[in-house]
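Note that the protein sequences, when read in sequence, are chains A and B.
All residue numbers for the first sequence refer to my numbering, where the first residue is 1 and numbers rise by one.
All residue numbers for the second sequence refer to my numbering, where the first residue is 1 and numbers rise by one.
Calculated directly from the structure, the hints in this document are not laboratory data.
Each hint should be verified, as a subset may be incorrect.
Copies of one chain are not kept apart here, so a pair can be met inside one copy or by any two copies together.
When the alpha-carbon atoms are kept at most 25 Å apart in a straight line, the in silico SDA-like pairs for lysine to any residue are as follows [to be verified]:
1. Lys149 - Asp49
2. Lys170 - Glu226
3. Lys187 - Pro215
4. Lys237 - Gly63
5. Lys170 - Arg86
6. Lys170 - Lys237
7. Lys237 - Asp217
There are 2 protein chains.
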Amino acid sequence: MSYLDRVARFVPPDLGAYLAFRVDGRDVGHIAPAFARHLAEFPRVFDIDARTVTLAERFSDFGSRSEAVDGVVRALARNGVLSDWREERYRVGVSFGAPPLLAIERAAVPRFGVRAYGVHVNGFVRGSDGRLGMWIGTRAKERGIAPGKLDQIVAGGQPVGLGVLDNLIKECGEEASIPSALAARAKPAGAVFYTVERPEGLRRDFLFIYDLELPADFIPRNADGEIERFELMPLEKVAAIVQESDDFKFNCALVVIDFMIRHGFIPGDHPDYAELVAGMHCYG
Amino acid sequence: MSYLDRVARFVPPDLGAYLAFRVDGRDVGHIAPAFARHLAEFPRVFDIDARTVTLAERFSDFGSRSEAVDGVVRALARNGVLSDWREERYRVGVSFGAPPLLAIERAAVPRFGVRAYGVHVNGFVRGSDGRLGMWIGTRAKERGIAPGKLDQIVAGGQPVGLGVLDNLIKECGEEASIPSALAARAKPAGAVFYTVERPEGLRRDFLFIYDLELPADFIPRNADGEIERFELMPLEKVAAIVQESDDFKFNCALVVIDFMIRHGFIPGDHPDYAELVAGMHCYG
């Protein structure tokens, strides 16, 4: 087992097997044929041919597009086609900076294969000897996705209408009771992204990564029930877990390896170095 | 002008317009049709068809392959087809970790479109107020590539038979008179890579990035004539130059932007953030 085992699973699938999801003339997602057949039950909302699912042009602004798609995905949730409803909407657009074309319920995002954005925070402590420790959370057993898996101290999806740092500060409060003045010290440190098929659909995630150095006497406490417990681990222990087990949530392992690369914990002459760095940044 | 202007030039070309360069059954490079016609003058060494340039199988080990190709590229250099001869060989293989199949003179590497490896060092100083300064070199006017352009404090190609850190320590001595004990403190911090067409051919570069924090009283001095002068600049000044001018060598600008992202100097809500991070890591 190795770091590369955690990264190599992020193999971009053959997107040629998917139908394009087109909104206002722009391709914004990839839909599996099986899900397209469910969408075909809503011909007032979607025009579907062999290659493309097009949101009907009569829905011509953010509000009407979002409302039309929301009606469909709520019906599919009632029919059991969609599960893990979150009541949280993600923006859909050609890029993160571009004005969103519509918003879609989070649970439906992997089914439409649109890009999803999130923020992950590495909460770390620098010992007096310079060695690093990292706060690791264990996800609650009740969660719909990756129950009981290890996670960053704070991580959350990026909902529509909230800036990345504002979202980080909010999540820091809810997930780890980090005061906002301390959370605001988090430093942006790049991003990790991938396209991969998961049981919930096509994940095209872009994770904004922040590093937050915490005082030695700070103890995180979960406030929203999503994290069962926190443990401050020496980075060596985190490295051993990532390499030898599947205990980390699939994308959280990637974030940990990215941290280890950026902080020089993984040596430049590691035989898999090139593949590890490349694997953090698979756009699709 | 913007950071994205520096990154957006790294558009991967259509590699379908190139012939594959095949060695021992493995595709290791991409050769433009015009250069393939020059290679066709050496039928004892290369088997060429419409899609592929294959190194003749009779050259079956590292030594004989390297010698056969070296004979060809020296003849092409005499004929003026190749210029900027370096008398320095780069390894060619399926990955950096894999045993090299052959070695090729550095000047010929972009013509065979094989991946090239280098190491770039960000030499930075942390002020008493926490603000960062960066040592920037100006390349000598006599250099074959990018004369007079701005560069990292130390950067060099990765020749065959030398480890990345060993090469870094050697280059630190030659380019900036950094003592080896100080150079050895450099921390690996990831990589920047791209595939792009340049006047010299197809550049498929993988740059190992190291950050080296230097004492406030250290002054670099060039020892090999490759750097004309060094200047310690506040990071704000480096940012202004990168955004507003083309003064940095094309790939050194990328390394600077990567540093600014990793150290939180570019905010996470920068409108081009996703494209900047993606642009650092275009494999091809």
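Unsatisfied constraints (hint numbers, rising): 1, 4 and 6
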